[in-house]
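Top to bottom, those sequences are chains F and D.
Counting with the working numbering, you get residues 1 to 359 for the letters of the first sequence.
Counting with the working numbering, you get residues 1 to 510 for the letters of the second sequence.
Worth flagging that the hints you see were computed from the coordinates, not collected in a lab.
As the structure is a prediction and not an experimental result, all values here were calculated from the model.
The beta-carbon is built from N, C-alpha and C at its ideal position, and this holds for glycine as well.
Be aware that a few hints might be false.
[Stated by the list, open to error] Distance windows between CB atoms, simulated:
| id | chain 1 | residue 1 | chain 2 | residue 2 | range |
| --- | --- | --- | --- | --- | --- |
| 1 | F | GLU5 | D | GLU106 | 31 to 39 Å |
| 2 | D | GLY388 | F | PHE334 | 55 to 63 Å |
| 3 | F | ALA338 | D | GLY270 | 27 to 35 Å |
| 4 | D | GLY314 | F | LEU4 | 56 to 64 Å |
| 5 | D | GLU106 | F | VAL155 | 51 to 59 Å |
| 6 | F | ALA29 | D | ALA327 | 39 to 47 Å |
| 7 | D | ARG319 | F | VAL155 | 47 to 55 Å |
| 8 | D | GLN394 | F | ARG140 | 32 to 40 Å |
| 9 | D | LEU103 | F | ARG140 | 43 to 51 Å |
| 10 | D | ARG323 | F | PRO10 | 30 to 38 Å |
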Amino acid sequence: MLRLEPRAEPSRVMALASPLLALALTVVAGALLFALLGKDPFRGLEMFLVEPLRGGRALGELSIKATPLVLVALGLCVCFRSNVWNIGAEGQFILGSVFASGVALRATPSSGAGLFVLVLLAGMLGGMAWGGLVAWLRDRFNANEILVSLMLVYVAEQILSYLVYGPWKDPHGYNFPQTATFLAPARVPLLLEGSRANFGLPLALLLTGAFWLFLYRTHAGYKLEVGGLAPLAARYAGFSSRSALWTAFLVSGGMAGLAGALEVAGPVAQLTTHVPLGYGFAAIIVAFVGRLNPLGVVFAAVLMSMFYIGGEMSQSRLGLPKSLTGVFQGLLLFALLACDTLITSRFRYASRRPAIPGG
Amino acid sequence: MLRLELVDISKQYPGVRANDGVCLRVEPGQIHAVLGENGAGKSTLMKIIYGVTQPDSGQIRWDGRPVSIGSPVQARALGIAMVFQHFSLFETLSVAENVWLGLASEPSLDAVRDRIRQVTGEYGLELEPERPVHSLSVGERQRVEIVRALLTQPSLLILDEPTSVLTPQAIDKLFVTLRKLAASGCSILYISHKLEEIRALCHHATVLRGGRVTGEVEPSAASNADLSRLMLGGEPPRLERRARAPGEPALELKSLALPRSGLYGTPLVGLDLTVRAGEIVGVAGVSGNGQRELFAALSGEQLRGATGSITLFGEDITRAPPRRRRALGLRLVPEERLGRATVTTLSLSENTLLTRTEAVRRSGFLDRLGLAALTQKLIGHFNVKARGPRATAQSLSGGNLQKFIVGREIDAKPRFLVVAQPTWGVDVGAASQIRAELVRLRDAGCGLLVMSEELDELLELSDFLVVMAGGRLSPRIATADAEAQQLGEWMSGLWPEAPNDGAGAQHAQA
């Protein structure tokens, strides 16, 4: 009989192997799914696992999707590790794109080439303001940060709509709800000709390193972690839960805002109602699949982006619904949670029942 | 015929052999002590008897018949009942409702009330079925658990460290009940590491050490030294203490009052106390009488006291955050080792960082090598059995973790140390080591405030005693003048009101 029994201590090997095992299970389940749908499983998996990585152009597209996911998820790592539940990164992302657009629309053809830096800083400021609002409501009125941060997403959407339908609407835009296209000085420079990959990619990698150092090598990161793992221990040690709350919301808001700014000043190049694509929500999964570790987040973001692109390609090339993306993302998260059991427990064959005669 | 017989019971857990060929023979109507340090395998053995876990090998015989006890339900069906150390009661329900919830069959609530009255009358347990549990003292709560067990008419009752939360008077009452129960034919398995109690109550004792039976004795015929030799394999060193002239006042409480926090918290009422440098003041009393609130007010976890009500070396610290208090030399060891004094899933190194900042560079980055070295030093110096600085806090036994925590605070060279339950759930060897460290600290001129539920420990450690009851502090008396009987009365809140401060009250007592 196969039995699950607790390990004496968590396994370091399984902590690393669990995500790989989860990926393998996802692939197997995905192959089964394609077979049941009457498609060639290999062709189907190719859409998800190979095509998104094939060639420079595909990699560029991948970076466009993965960069905002990494940035938002890095901020969320700080939040979730300190037990602060910001699930409204989407709203902070929107406010970031709005603030960034506010600066970008002021650009003239004669603006300096460094204007895009200001655009990005404005985006961060917008995200921080939106996140800080949640922190303030929590701190001052003890409002539930989960609800408030989520609700503010919808407020942010209304602000965005008001601006693009109203004062910021492009006068030459045939009445579409969008701003004018940003001028070159306000836009994030591309890395290579012929690819859409831009300056956001190295920035995200740089910030990944910075966040890793902050979380694992500084006293401030340690304090946040203690606050998240054991609030009573943090109180005993004298680590302020207020400062943890503010840090978490300002950092995660700023990162979501930066991602929003990179989105409007990068591939989209204007503010439209289609800017929010759900990166703020998807990043929650990315943060957890990446085990709230900045390095893990990069891998998780790449994987999630592959699933996005794979879903779109299954739709265009195999005639399957795009919602396959959600199925794959769900499978991965589910398998990972299941495999994580093996970090603290292990399977053992119990050959026989204990040798006690029945009574 | 034997009521219960265990033959060669063995149980292996990952990394530890909890029981190794254990034999136990319990006669009908016998009060049988199972004696051993923490980690000796007592709890595992009881879990096996109560069907919570199954042995890897060995045989259980009940009334002479071999049985396999697969679950607590089966154990209860055989007539085995257990009262756990930690109660499982709903605070908002009445006594009768709590008992009712735990019954397998479904009699009416009225019938349950009647049976509670009947059982409490029979065994001299004072308990009112209508009272809500939150209004009961800890001793009364334990009676609810015992009544719940007795309603199943057990022929074997297991009690796990039942006296750890009781006042001396409540212990006497419990013993009367247990003797009556045994006289009626019910066997009792009494788990404890308190030698005096076992010698006073039990007919027979089986002693465990490291998962093996090291001896079976008649406790009334054995001395404490005999028992602890069997338990420890040696005698604990005597605590040596020198007479010492008291120093300057270190910690002073002046009419410290705190409103009730939470539904079941205890408000603190006008606490006055002076602890001088170089002396140990013990706070006796049953837990839940304000010790938790007093600790939080001293640690800075609770900052609501009126300014001027807590001073440390002359500085008002009532509103000072924990960092400031540490800078003044105040160090604290809380009661909860896991989750408060340490973070369970973090390594010992990371737990060192909780209250120590030597390894934090000015830049805010961590000096990881320095941190590991400091942790290694604590492990070595305080004789902590751990794999190293990277072992998680939860991987240590209670005693070793406590040695680590006490070591972490003592190594910071405190000028004043507050310790809550220094040896709660700690084995005898580690406990005597911790007590020796505390006395050494006192001899070095540090002031200590020790809160403990174990009166014996306070009598051994303290220079002066105060008793905490109902959120108030009794006058302070010299330990040499204290008597257990009198302290027991004080624990119920009955002490002569003193018009003066602690020193005057001391005279009133003498």
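Against the structure, the hints come out as follows:
In this structure, GLU5 of chain F and GLU106 of chain D meet the distance hint of 31 to 39 Å, their C-beta atoms being roughly 35 Å apart. GLY388 of chain D and PHE334 of chain F have their C-beta atoms about 36 Å apart, which leaves the hinted 55 to 63 Å range violated. Checked against the hint of 27 to 35 Å, the C-beta distance between ALA338 of chain F and GLY270 of chain D comes to roughly 57 Å, which is inconsistent with it. Between GLY314 of chain D and LEU4 of chain F the CB atoms are about 59 Å apart, so this pair conforms to the stated range of 56 to 64 Å.
Between GLU106 of chain D and VAL155 of chain F, the C-beta spacing of about 53 Å keeps the proposed range 51 to 59 Å intact. Range check, ALA29 of chain F to ALA327 of chain D: about 57 Å between beta-carbon atoms, so the 39 to 47 Å window is missed. Look at ARG319 of chain D against VAL155 of chain F: about 38 Å separates their beta carbons, and that is not inside 47 to 55 Å. Distance hint check for GLN394 of chain D and ARG140 of chain F: the Cβ-Cβ separation is about 37 Å, which falls inside the suggested range of 32 to 40 Å.
As the Cβ distance of LEU103 of chain D to ARG140 of chain F is approximately 49 Å, the hint placing it in 43 to 51 Å holds. For the pair ARG323 of chain D and PRO10 of chain F, the beta carbons lie near 32 Å from each other, so the given range of 30 to 38 Å is met.
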